[in-house]
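Residue numbers (our numbering), protein chains in the order written: chain A, 1 to 585; chain B, 586 to 766.
Hints are computed from structural coordinates only; laboratory data are not their basis. Don't take every hint at face value.
Simulated restraints, written as ranges between beta carbons of each label pair [as the list claims (entries may be wrong)]: (1) Arg388/A with Gly683/B: 52 to 60 Å; (2) Glu642/B with Thr105/A: 42 to 50 Å; (3) Glu645/B with Ala349/A: 57 to 65 Å; (4) Asp199/A with Glu642/B: 58 to 66 Å; (5) Asp634/B with Phe167/A: 24 to 32 Å; (6) Ser738/B with Ala495/A: 53 to 61 Å.
A quick note: this is a predicted structure, and the numbers were derived from the prediction, not measured. All residues carry an ideal CB built from backbone N, CA and C; glycine is no exception.
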Amino acid sequence: MTDMTGAEMVIAALADQGVEHIFGYPGGAVLPIYDALFNQDRVSHILVRHEQGAVHAAEGYARSTGKVGAVLVTSGPGATNAVTGLTDALCDSVPLVVITGQVPTHLIGNDAFQECDTVGITRPCTKYNYLVKNVADLPRVLHEAFHIAASGRPGPVVVDIPKDIQFAKGAYSRPREFQHRGYRPKTKGDLDKIKEAVDMMAAAQRPLFYTGGGVINSGRAASDLLRELVKLTGFPITSTLMGLGAFPAADRQWLGMLGMHGTWEANWSMHDCDLMIAVGARFDDRITGRLDAFSPGSKKIHIDIDPSSINKNVKVDLAIVGDCAHVLEDMVRLWRASALVPDKKALEAWWTQIGKWRAKNSLAYRNSNEIIKPQYAIQRLYELTKGRDIYITTEVGQHQMWAAQLYQFQEPNRWMTSGGLGTMGYGLPAAVGVQLAHPNSLVVDIAGEASVLMTMQEMSTAVQYDLPIKVFIINNRYMGMVRQWQELLHGGRYAHSYTEALPDFVKLAEAYHAHGIRCEHPGELDEKIREMLKVNKPVLFDCVVDPAENCFPMIPSGRPHNEMLLGDAATRVEDAVTEEGKVMV
Amino acid sequence: MNTAATTHYPAMTTSQQVESRTLCVLVDNEPGVLARVIGLFSGRGYNIDSLTVSETEHEEHLSRITIVTRGTPMVIEQIKNQLDRLVPVHRVVDLTSGGPALQRELAMVKVRGKGEHRMEALRLADAFRARVIDATNESFVFEITGASDKIESFVNLMRPLGLVEVSRTGIVAIGRGPEGM
């Protein structure tokens with residue numbers, strides 16, 4: 001117990017909770033906390049250019065490290081600017097503690113300068129939030145905020161601190177083990193149910209693992225256990241956008257991403273399987289497509305730490321509430337101990353069928369010698385960076401889907417993208433946070449020119465802190481995904497999806513004191529990517545691509561998995577059998 | 586092209602029966618807790634037919650919220666799970682599916698009138714075991730407790746007799762038998 005001001009308690013609590021970097025932007029109502037940040041070296045502050053950028057940077061930091069991301073913003077506009085980031089973090093289950101300044105307690109409700117109802121505004125977009133009205137509560141609230149953000153299904157927590165509380169003196173206490181009064185997420189799965197799941201798996205003829213971001217959130221051990229279980233069973237595995245990297249893309253049992261822009265083999269396997277084992281995935285509408293035609297013939301097992309994810313969209317046959325790592329550990333153990341032998345013949349036939357779907361080569365596209373195809377740009381980026389210590393972030397749209405389809409993730413926590421909320425402008429600030437956490441790694445934001453302009457100002461942050469992020473802009477001058485939908489579903493009426501006036505990204509880079517590169521021809525792509533990788537400062541890479549390219553495969557909304565649209569380069573032979581498919585077990 | 590194909594989202598497919606449920610929710614009595622519960626209902630498009638709240642355990646600062654809601658079985662399950670994951674929520678109990686339960690409401694009914702109307706109002710109040718808790722030369726306030734339909738009939742009977750206004754608590758509920766929630 002030490003006497004200190006509320007502002008000093010904030011710094012002490014951050015340091016005690018292991019926060020090394022806090023992303024923020026000062027303002028009137030947080031000045032005491034900024035004062036406490038001054039002349040101390042326990043917590044380093046990263047000055048962003050917009051509060052939304054602070055939250056996304058903290059998300060990138062959190063998702064690439066598994067730690068809680070921390071943010072500090074002022075009252076009123078500081079808090080409202082953070083709302084998009086908070087909602088993003090809630091949708092994608094990213095652990096954050098966001099500290100907001102508030103007008104002094106006696107002015108709350110008075111329409112004071114830069115006052116807003118922060119707890120009211122952020123209630124639906126946080127896992128939990130606090131307004132601290134007594135300095136004696138502050139240490140407990142701060143430590144509790146970290147506990148709630150990181151435990152169970154992770155999420156953002158807001159702590160709103162009025163300015164007078166920041167000035168007030170009180171006794172600080174360090175974090176200690178405690179039990180929350182009501183909040184006690186269940187982490188261990190019910191053993192009987194896990195046993196039942198293992199029995200169902202052993203009896204399955206056409207099984208499939210469908211995994212999601214929950215595996216990544218559960219920590220490295222969950223990914224390792226998932227890999228072990230997939231190897232032990234010999235089952236095929238697909239994953240959502242959020243789950244990429246939990247299972248290595250180079251592995252033969254990997255079917256690629258599923259869902260609206262997933263592979264032919266992943267979606268057909270979902271449709272035709274007889275047992276679906278969902279691990280840390282939430283049956284989102286981008287995954288299921290038309291619900292009444294979603295995987296009609298399968299039994300479904302659902303493992304999730306959040307009971308409200310179960311039976312929300314799709315009724316499952318067996319629900320196991322628990323942390324993925326815990327449940328997978330029990331599953332591996334029980335599978336090893338089980339005397340049941342899977343039907344090898346059936347599994348072989350299943351793999352043969354999957355081989356046929358694979359032969360469709362659904363990610364194929366027609367390349368060109370004249371113009372850079374966006375898929376080609378991402379493939380080259382992958383080829384020239386594979387094997388390196390690399391982290392990828394993205395913005396939202398076509399480029400994001402192509403990155404998910406074509407960049408091959410072998411490890412968890414290497415892929416940071418806005419999945420649930422689909423926030424354009426996520427990738428650049430997220431890359432700032434990732435690079436800060438991994439100063440010696442390569443961090444690339446695969447971007448679209450429209451998205452990246454939404455948070456472009458964070459280039460300035462990257463330059464200020466010597467964060468050599470690479471912003472690889474797939475520039476088709478369109479909001480590509482909007483244009484694609486307009487082409488396919490709105491009669492080619494391209495309402496406001498073309499950007500008439502774009503900045504010169506090379507000059508823009510120079511204006512930020514960063515490095516700019518433009519690439520317009522496929523022939524020079526490799527050389528320019530190598531240049532980007534060589535430069536040890538932030539880079540804006542303007543990759544000028546075919547503006548008309550569409551992202552396939554695609555399940556048009558309202559359709560089931562077996563009614564996918566394919567690009568014209570995919571194999572036409574419906575039932576091509578590959579040798580590959582035959583030998584898989 | 587049909588509408589399902591032009592929307593960005595899958596069409597609604599459920600055609601399950603809608604049921605009414607009474608849920609009891611034990612929460613920390615802290616600022617904003619009711620806003621969290623109500624915000625959950627409005628934000629996710631759930632119905633609230635009745636809602637009552639009061640602190641029931643003063644030492645522990647626990648409040649009990651009784652909510653009557655409607656939805657398909659899948660939606661009801663969602664409502665319970667969503668409520669349960671709110672940080673200040675301790676327990677959610679479904680009194681409709683969890684065995685026999687008692688449901689009561691209290692209403693105060695103000696009636697204004699003279700002569701025969703006044704006498705009739707008093708007679709009916711007696712039949713319904715409503716108590717007079719305020720009286721003037723031309724008015725009564727009745728207090729009545731009971732199941733909602735009983736209160737509903739009483740109020741309807743008072744209408745032609747000079748009904749002025751009604752104030753109702755909404756439903757409070759408790760399970761039968763020796764066990765607590």
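The hints, checked one at a time:
A hinted range of 52 to 60 Å for the beta carbons of Arg388/A and Gly683/B is consistent with their spacing of about 57 Å. As the Cβ distance of Glu642/B to Thr105/A is approximately 28 Å, the hint placing it in 42 to 50 Å is violated. Against the hinted window of 57 to 65 Å, the Cβ-Cβ separation of Glu645/B and Ala349/A comes to about 60 Å, which satisfies the hint. The hinted range of 58 to 66 Å is not satisfied by Asp199/A and Glu642/B, whose Cβ atoms lie roughly 44 Å apart.
Here the CB-CB span from Asp634/B to Phe167/A is close to 47 Å, at odds with the stated 24 to 32 Å. A hinted range of 53 to 61 Å holds for the C-beta pair Ser738/B and Ala495/A, which are about 57 Å apart.
Consistency with the previously given hints fails for numbers 2, 4, 5, ordered from lowest to highest.
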